[in-house]
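Read off the chains here:
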Amino acid sequence: MTAEGLSVEELTVRFGRGARATTALDGVSVAVPAGHTVGLVGESGSGKSTLAKAILGIVPTESGRVLLDGTDVSGLGRQERRAFLRRVQLIPQDPYSSLNPRRTIGQTLAEALDPARARVGRHTDAIHAALEDVALPADAAHRYPHEFSGGQRQRIAIARALVTRPEVVIADEITSALDVSVQAEVLSLLARLRQERDLTMLFISHNLAVVEQVSDEVVVLHHGHVVESGTVGDVFADPASDYTRSLLAAVPGRRDSPASAKKGAALR
Amino acid sequence: MAELTQQAGTAPATPVSRPGRLRWNAALIAGTVLLVVTGVVVTIAALTMLESAEGLSPDIAQPASAAHWLGTDDFGRDLFARALVGAQASLLMALAATAISMTAGVLIGTAIWTAPRRVREFALRIVEITVSYPELLVAVVLAAILGAGRWQLVVAVALANIPATARLAANLSGSIHQRDFVTTARLTGVPRRALISRHLLPNMAEPLLIQVAAAFSTGLVAMSALSFVGLGVQTPDYDLGRLLADALPAIYSRPIEVVGPTLLILVLSIGAMLIGDGLAAAADPRVNRTAPRTPPATTEPRQRDSADAPEPAESSAPVQVRDLVVRRADGTPLVHGVSFDIGRGEILGVVGESGSGKSLTALSLSRLLPEGLTAEASRLRVAGVDLLGRTTRRELADAVAMIYQDPGTTFNPALRMGSQLTEVLRVHRGKSAREAREIITGLLEDVHIVDPPRLLRSHPYELSGGMRQRAMIAAALAAEPSLLIADEPTTALDVTVAAGILRELERIRDETDTATLFISHDLGVVEELCDRVLVMKDGVIVEELSAEQLRSGEVTDPYTRMLLESVPRLSTTPGAGA
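Protein chains in written order, with full-length UniProt numbering: chain U, 1 to 268; chain G, 1 to 578.
Hint data in this document are derived by calculation from the structure and do not stem from the laboratory.
Just so you know, not all the hints are guaranteed correct.
Claimed, not checked - Simulated coverage check for chain G against chain U, where a stretch passes if three residues somewhere in it have a Cβ under 8 Å from a Cβ of chain U:
hint, stretch
1, 179 to 188
2, 374 to 381
3, 390 to 400
4, 495 to 506
5, 521 to 532
By construction, the Cβ of each residue, glycine as well, lies at the ideal position given by its N, Cα and C atoms.
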């Protein structure tokens, strides 16, 4: 395991207390080496979003460690924690909920750069550069979220996450609220940024085909356990676990899949 | 009130479709005019008429005259001037009370949501308990405790109004808190104060403004009432309530004395209420959409292309749609003349992206178009039932059944599955409860539900999404419909669960005569399931394809090609090799 990058070791998250407690994550270990993209795959309830939240400290963890460049982030003080949260950025799923409708795009980006004061004037250059990165015109900074389509909003959300030049990006189902053609556009944007910026990314999705397209490595999560991990080629071509095999078999519309479709029929 | 007039001043002259901009309506204009004019008049009166309002004069107990419009009282003071000056006092006190209660209420309500969870839960309960006491009663008790006087009255009424505002603000910020932009702002390290001022307050402005108007109006009335019964302003000070109380002893000899204060209370509170109503209407986008801006597009040609085209004379297909046009209330067409047939036991897929009109097409067939939309067609038939004419609910229920996208919201969470699933059979088919149960049990077994009796006993929340969707299919089939409309039935489901639902739909096609209209944005799902596929874009069918053509990529239309290329596909699959 490389020290550089983000890694999660034996992370356990439980919700509730006593007999009614449910285990959302059970000893999950994931490593995202610097410059790599790791796809996190699973169905609803598998714990993928909980993992993202646990890394960012939105949900409390019971045991286990989150490491950034080899440093445990759980024991950080207030200032260090703030610094950590600037180095790791989240892109949320729903572009309609991730932008404040009453603030211009410029104000939103300025806030990411300077949370306390959020002055647009001081960061004009950085804001324009960030918008250019996601192929939006500079005058978008003066407009409000409702003037943009879902795909454009998602690009703004990406710009917002990247404007602070984070080391790690966590993308939580960022294309699942979008139409396919828009999804394709966002994915190609992400691919370009990944190449230009050498991004380290944890890419969470339920869509196996999307994960295959974006990721170097893949981790399959099922009921809070890692059932399989490895490079995309290995896992998708030769899945070791039955669960991964059934996930792959359930993907609709593959052109030559008579055998695996029958296999899927055995599932409930 | 300052915020109100300011907000009014920034309203654009031309209607702009931007949300958050104030849109004027009659109530808002009337209320603002009423309040502003009255406010200006009483302010001027308080500056210039103080002498005649408070100075003693020899003209005692005069009736109304040109010199004294409302007469004079026992001390020779002009009653018109007193009413106006008293109204200024009432107005200022109501404004002060409103300002205090709004500020405190909003602060408490928003702070609750930035507090730790335990503190928040506790504070929310406290607020809920305080809200349950009537405001006027609380004000009376507080005024009695604080003693009489202007400021005591203001404080009593303000305190009584705080819980309502605090609860409103807490509810509003609670819902805003769940949105992602608040989470990201918190993660970014935005300070708490900035979080409230940048993200919470601007997004709850409209309901709070409405609350300002309501608090002002009820506050004014409450203060007048308290002063009237002697718990508020004391002589020699006076407000509208005090003036009414002073007028009471002489009500039979000089009834004109009550006219001034009564009218002013009415004008001020009605003005505030009108503003509140106007703001509420302006904040509700549905109210503003009633008047079409553009005249109905009467010139829109009725598309008759398919009538000219060689049409299979009197097709025998159970579902026949010709030249279907769906319009908005203002005449804008959203679906432009769509025609298709669905044969017995055929699955017709309709694909398209959001806004393509695929769902509207389906909803026209089940006569469930959203309010304000109308469908017209030269033919719209399902199994002999003409959907253009009058149909009974029973005919419709027999002809068409629907499966919706989100199995989480299609069932009533308060009722057991049994009563919901057997409803069609009991209501439309006149089956007894037991017969209906037997039929639905069989159908549930058909869709591979393991223990149907247990499912019938459970509530919707006890079931998984996949089980609910299977139950939905069973209920849809119970009516033995000629047409089954499935609107994105797998979109909300996990892939493995979705695969199972698709197999159920395939089985229905193979085992029954039901025609299926399958709507999806997912080309992968469509090419796997459907016999024939229509590709829709902007309300028009751009291409009709057989499933084989779609699968092999034999498409001609550039839009379809673009769609196909956008679909992410697994290139590495087990067996196929890396």
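Which hints, by number, does the structure contradict?
Hints 2 and 3 not satisfied by this model.
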